[in-house]
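K.L.:
Given next are the chains, with one letter for each unit.
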Amino acid sequence: MNILVCVKRVPDTETRVRVGSDGASIDSSGVKFVLSPYDEFAVEAALRLKEARGEGEVVAVSLGDDSSQETLRSALAMGADRAVLLKGEVSLDGLATARALAAEVEAHDAPLVLLGVKAADDDQQQVGPMLATLLGRPCATAVSSFEVKEGSVICRRGVDGGTETVELPLPAVLTITKGEYEPRYASLKGIMAAKRKPLESKEAATSDSRIRVAAMELPAERSGGRIVGEGPDAVPELLRLLREEANVL
Amino acid sequence: MSKVLAVVEQRGGSLRGTAREVMSAAATLAAELGSEAHALILGGPGVTAAAGELGSYGAAVIHVVEDPALEDYHPDGYPQVVTRVIRDGDYGVVLFAASAQGKDLSPRVAAHLDVPLATDTTGLSVQGGEVEILRPVYAGKAFTRLTIQASPVLASLRPNVFQPREAPAAGEVHPVPFSEDPASWPTKVLDFESTGGDVPDVSEASVVVSGGRGMKGPEHWALLEQLREALGSEAGLGASRAVVDAGWRPHGEQVGQTGKTVAPKLYFAVGISGAIQHLAGMRTAGTIVAVNRDADAPIFKVADYGIVGDAFEVVPRLSQGIRELREGA
Numbered sequence: 001m002n003i004l005v006c007v008k009r010v011p012d013t014e015t016r017v018r019v020g021s022d023g024a025s026i027d028s029s030g031v032k033f034v035l036s037p038y039d040e041f042a043v044e045a046a047l048r049l050k051e052a053r054g055e056g057e058v059v060a061v062s063l064g065d066d067s068s069q070e071t072l073r074s075a076l077a078m079g080a081d082r083a084v085l086l087k088g089e090v091s092l093d094g095l096a097t098a099r100a101l102a103a104e105v106e107a108h109d110a111p112l113v114l115l116g117v118k119a120a121d122d123d124q125q126q127v128g129p130m131l132a133t134l135l136g137r138p139c140a141t142a143v144s145s146f147e148v149k150e151g152s153v154i155c156r157r158g159v160d161g162g163t164e165t166v167e168l169p170l171p172a173v174l175t176i177t178k179g180e181y182e183p184r185y186a187s188l189k190g191i192m193a194a195k196r197k198p199l200e201s202k203e204a205a206t207s208d209s210r211i212r213v214a215a216m217e218l219p220a221e222r223s224g225g226r227i228v229g230e231g232p233d234a235v236p237e238l239l240r241l242l243r244e245e246a247n248v249l
Numbered sequence: 001m002s003k004v005l006a007v008v009e010q011r012g013g014s015l016r017g018t019a020r021e022v023m024s025a026a027a028t029l030a031a032e033l034g035s036e037a038h039a040l041i042l043g044g045p046g047v048t049a050a051a052g053e054l055g056s057y058g059a060a061v062i063h064v065v066e067d068p069a070l071e072d073y074h075p076d077g078y079p080q081v082v083t084r085v086i087r088d089g090d091y092g093v094v095l096f097a098a099s100a101q102g103k104d105l106s107p108r109v110a111a112h113l114d115v116p117l118a119t120d121t122t123g124l125s126v127q128g129g130e131v132e133i134l135r136p137v138y139a140g141k142a143f144t145r146l147t148i149q150a151s152p153v154l155a156s157l158r159p160n161v162f163q164p165r166e167a168p169a170a171g172e173v174h175p176v177p178f179s180e181d182p183a184s185w186p187t188k189v190l191d192f193e194s195t196g197g198d199v200p201d202v203s204e205a206s207v208v209v210s211g212g213r214g215m216k217g218p219e220h221w222a223l224l225e226q227l228r229e230a231l232g233s234e235a236g237l238g239a240s241r242a243v244v245d246a247g248w249r250p251h252g253e254q255v256g257q258t259g260k261t262v263a264p265k266l267y268f269a270v271g272i273s274g275a276i277q278h279l280a281g282m283r284t285a286g287t288i289v290a291v292n293r294d295a296d297a298p299i300f301k302v303a304d305y306g307i308v309g310d311a312f313e314v315v316p317r318l319s320q321g322i323r324e325l326r327e328g329a
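As given, the protein sequences belong to chains R and B, one line each in that order. Our numbering puts the first residue of the first sequence at 1, with every later residue one more than the last. Our numbering puts the first residue of the second sequence at 1, with every later residue one more than the last.
Any given hint might turn out to be false.
Unchecked claim - Derived BS3-like pairs: lysine-lysine, alpha-carbon spacing no greater than 27 Å straight-line:
no.	chain 1	residue 1	chain 2	residue 2
1	B	Lys301	R	Lys50
2	B	Lys216	R	Lys149
3	B	Lys301	B	Lys265
4	R	Lys32	R	Lys197
Simulated from the structure, these hints should not be mistaken for laboratory data.
Make a model of the complete structure from these sequences and hints.
P.N.:
Here you go:
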């Protein structure tokens with residue numbers, strides 16, 4: 001069974017965000033970019049499934065510019081078999097992204113499409129279920145583990161107040177969250193092999209973003225830093241402040 | 001002017017806390033747009049009785065779809081029904097809760113309607129006749145102001161940010177017939193396992209008690225559990241990435257850039273040093289309290305109130321003090 005994994009290039013989560021000169025996006029100078037951590041879970045999940053079944057191909061797909069080749073190489077280094085770069089603009093408009101991915105998914109014989117539950121930059125948490133809806137396929141979001149049966153996939157997913165188990169007929173789309181899929185480190189051998197694996201580059205079937213960003217702002221600095229005291233003896237004063245000054249107790 | 005629809009959630013036939021928040025935000029926005037706010041609620045038998053309350057929070061009309069098949073959220077069924085009501089109602093703006101359910105529902109509705117969606121909105125305003133949306137990116141390290149060039153404008157609202165506000169309106173209940181066929185929904189729900197009883201999810205709790213490495217091991221979480229209990233039923237538990245990575249706590253509790261971004265009115269950071277990706281996830285909390293042995297820990301730079309000290313000594317005293325306050329209140 002072939003598995004398609006959609007991945008995104010994002011700033012490393014340790015990045016200190018600065019606003020760029022356009023006032024509407026980040027200043028990416030000096031920023032280290034990585035394969036989005038949630039997408040790493042998705043790649044890991046795909047690789048484990050392929051290894052368990054002993055057959056099938058894992059294809060990594062990304063929408064972006066040429067710099068996303070590096071991101072795809074990271075997925076290849078983890079063990080994906082080949083990669084497809086859809087060259088096009090990535091924006092906050094997740095539906096435009098989902099459309100570009102949907103066109104590519106249709107061209108593959110992959111009963112399972114995996115994505116990270118969200119991208120670590122925009123946090124929109126929407127491309128997976130949008131993609132599934134456009135394809136007319138069922139979708140389980142925030143999946144922490146799953147197993148493939150004959151013609152279906154059984155998923156455990158986090159929902160408000162607990163864990164739900166759902167069964168979806170294949171083909172299906174899953175968005176993966178942290179759970180059983182702690183991502184492997186790419187071995188040196190894997191990194192070397194990734195350089196020789198096929199990476200196809202083509203124009204994406206993109207539509208223009210219909211989300212217009214007027215401005216990007218940094219949050220107001222919190223005027224914190226007030227130490228109430230040391231040790232348990234400071235508790236009564238803290239409680240007084242929480243009650244009388246902050247009004248939260 | 002375009003009407004605003006609030007898609008609100010119920011559980012077990014009762015309105016969820018976010019329902020009042022989303023309804024109030026819809027009513028406020030509708031007033032700015034010079035139009036009116038409607039509500040849409042889906043649920044099992046009896047949901048109509050719970051829906052009436054939405055009139056007190058500004059709903060001129062309350063659409064209720066009541067059917068046994070809608071008792072619990074269904075990822076195929078709910079989007080179909082919600083899409084149909086939006087199409088029939090000629091709405092200019094549709095608001096959802098950015099809860100686990102809302103984040104599953106709203107993108108599917110957006111795709112059905114062929115319009116974009118803004119997730120986790122923290123601010124809504126009207127600028128030159130357009131709805132301007134404020135939402136965090138990079139887990140709260142920055143915010144973007146954006147507009148959506150499509151109609152209806154779809155946004156999900158971060159829990160705890162928009163305050164419920166009583167604003168009596170007509171609250172006219174419109175029953176909507178259920179005409180979908182549940183047998184055609186491909187997803188089958190096999191099982192639901194409740195975790196932690198009635199403890200609210202960290203992303204929706206109005207008070208959060210979070211623990212980090214300074215707790216020294218998972219066996220000490222009973223201390224934080226006691227503090228959470230002392231703070232009442234609105235309080236939830238959170239955790240730093242370090243303790244989730246160490247396997248002490250489930251990922252569902254993780255606060256920060258690779259976990260959840262939270263905005264409770266009160267946040268306790270216990271034994272959390274304050275890595276940048278954690279601070280991003282909780283810096284919009286109303287009041288932040290930090291307890292840490294290390295006076296130089298970065299968490300104290302964002303905390304409104306800090307106690308330098310050992311969590312094992314400070315937290316029990318804190319729990320006891322809060323219990324006494326609440327009993328005396």
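K.L.:
Now, for every hint given, state plainly whether the structure supports it.
P.N.:
Now for the hints, and whether the structure bears them out:
no., hint, result
1, Lys301(B) <-> Lys50(R), "47 Å, violated"
2, Lys216(B) <-> Lys149(R), "41 Å, violated"
3, Lys301(B) <-> Lys265(B), "18 Å, holds"
4, Lys32(R) <-> Lys197(R), "24 Å, holds"
Checked against the numbered hints listed earlier, the structure breaks hints 1 and 2; every other hint is satisfied.
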